[in-house]
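**Student:** For reference, the chains in residue letters:
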Amino acid sequence: MNIEIREYTKIIRKKTILDNINLTLSGGKIYGLRGVNGSGKTMLIRAICGLIYPTKGFITINGKKLGEDISFPERVGALIESPALLPEYSAYNNLKLIASIKGTATNDEIINAIKNVGLDPFSKKKFGKFSLGMKQKLGIAAAIFESPDLVLLDEPFNALDEESIVNIKEIIRDMKCENRIIILSCHDRSLLDDISDETIEMKGGKIYENN
Amino acid sequence: MKVAGIIDENPSISDALIHILRGEYRYDPGFKEPFKIPASWLAIQLFITFSIGKYSTDEMSGIGQQLLIRSSKKRKWFFGKIAYCFSVVLSYYLIIIAVILFGTLLGLTRCDISLTGIVSYNLNEINYESQVLIDSKSLLMYVIVLPVFTSFVISVCQTLLTIIFRPIVGFISIICYQVLSAYFSFPFLIGSYSMLLRSNICTYNGFLFSDAIITELIVLFVVILILVIKLRKIDYLPRS
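From first to last, the protein sequence lines are chains A and B. Under the working numbering, think of the first position of the first sequence as 1, with each following residue one higher. Under the working numbering, think of the first position of the second sequence as 1, with each following residue one higher.
Rather than coming from a laboratory, the hints here were simulated on the basis of the structure. Beta carbons are placed, not taken as given, at the ideal position from N, Cα and C, and that holds for glycine. One thing to keep in mind: the hints can contain errors.
Partial list, derived from the structure: chain B residues whose beta carbon lies under 10 Å from chain A [claimed, not checked]:
no.: 1; residue: MET60
no.: 2; residue: ILE63
no.: 3; residue: GLY64
no.: 4; residue: LEU67
no.: 5; residue: ARG70
no.: 6; residue: LYS74
no.: 7; residue: LYS137
no.: 8; residue: LEU231
no.: 9; residue: ILE234
no.: 10; residue: LEU237
Start from the sequences, fold in the hints, and give me the full structure.
**Tutor:** Written as structure tokens, this is what we have:
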């Protein structure tokens with residue numbers, strides 16, 4: 001898996017949201033995006049996901065141009081901003097619905113993903129009745145349960161208690177494999193340094209630092 | 001003399017259906033008669049517009065976004081929104097029919113699908129003189145098929161405006177378009193095609209079923225073409 005971002009610029013209502021981003025991301029690594037609110041982390045994740053169209057520049061995924069050769073990355077799982085799933089569905093039914101699009105995930109994979117993030121897969125409790133932390137955990141499960149090649153997690157540790165943060169960090173580390181790119185954004189520098197192989201600092205829509 | 005939509009004391013199912021969906025005769029600003037807003041017709045159109053609302057943009061976040069990125073092609077997602085428009089429109093007309101059938105169970109309407117003679121004559125400024133009844137096939141085409149298809153095409157137009165601009169733009173534009181359709185008679189103001197009273201079976205120089213369908217197919221084709229072209233460059237961001 002390889003992602004090339006070249007001269008990517010996004011302007012929305014005359015405001016430059018992403019400014020001349022150049023990045024090369026390769027499989028087997030966890031990338032951490034750091035930056036203050038409004039620095040462009042979420043927009044960069046949306047761009048890689050194919051949800052926004054560049055004003056200038058392009059993104060290629062495994063050599064295929066996003067928005068031209070492909071609409072979205074072929075095997076992607078994403079948690080972008082707050083997880084908003086169907087409020088009247090249980091955790092299992094929400095993931096079952098999402099799984100029905102590709103039809104690749106088995107029932108066991110759905111159950112294991114829910115269990116791994118610390119939720120009860122057999123609970124009838126509806127998503128709308130979940131606490132913020134539970135919603136966040138299910139959002140993470142939704143992003144990873146199909147074992148995608150590209151995992152995009154925007155602020156995955158939001159609303160999680162310490163024990164859950166340790167658990168999610170473990171899950172993310174376990175997911176790391178040769179062909180998989182994991183990108184996560186977070187405000188917490190120490191958390192990000194701990195889990196990422198490379199950190200990318202963003203400021204005002206630009207890459208400020210790349211370690 | 002014409003007295004539109006008068007229902008006798010014991011109306012049939014078709015009489016009731018026509019009473020709700022008949023619309024209003026073409027308005028001629030040259031005459032001194034005041035413009036009459038077709039209230040029940042407009043109410044149905046507004047309910048549909050409300051229901052289409054911001055569904056397509058809501059689907060750009062939350063679970064809609066999860067399904068979108070997994071659908072692999074934007075067109076698949078888009079045709080899902082078109083299917084939603086059709087299901088909403090169909091549901092509304094089915095609800096109207098269900099309410100009338102419920103009225104039959106309560107004894108409010110007669111369990112008979114043929115149009116009562118006096119209703120047919122009163123609706124009809126052509127046949128009033130010739131005393132020819134509107135047949136049930138024409139009734140089906142003009143009171144069910146055409147209104148459903150017209151509302152569907154308009155809801156797709158609303159979806160286009162909602163996706164390209166924002167929900168409020170789509171909503172206000174469609175309300176204005178429907179009011180203009182009631183006031184003016186112009187082929188591309190397709191809202192009036194869902195009014196039986198403006199058809200050739202009810203009024204002189206009324207629209208033909210085939211003309212209405214062709215015009216609506218042209219509008220639908222153009223709108224879908226614009227959406228398919230625009231779809232590639234649309235930002236899938238939450239819009240309020």
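**Student:** What hints, given by number in increasing order, does this structure fail?
**Tutor:** 7
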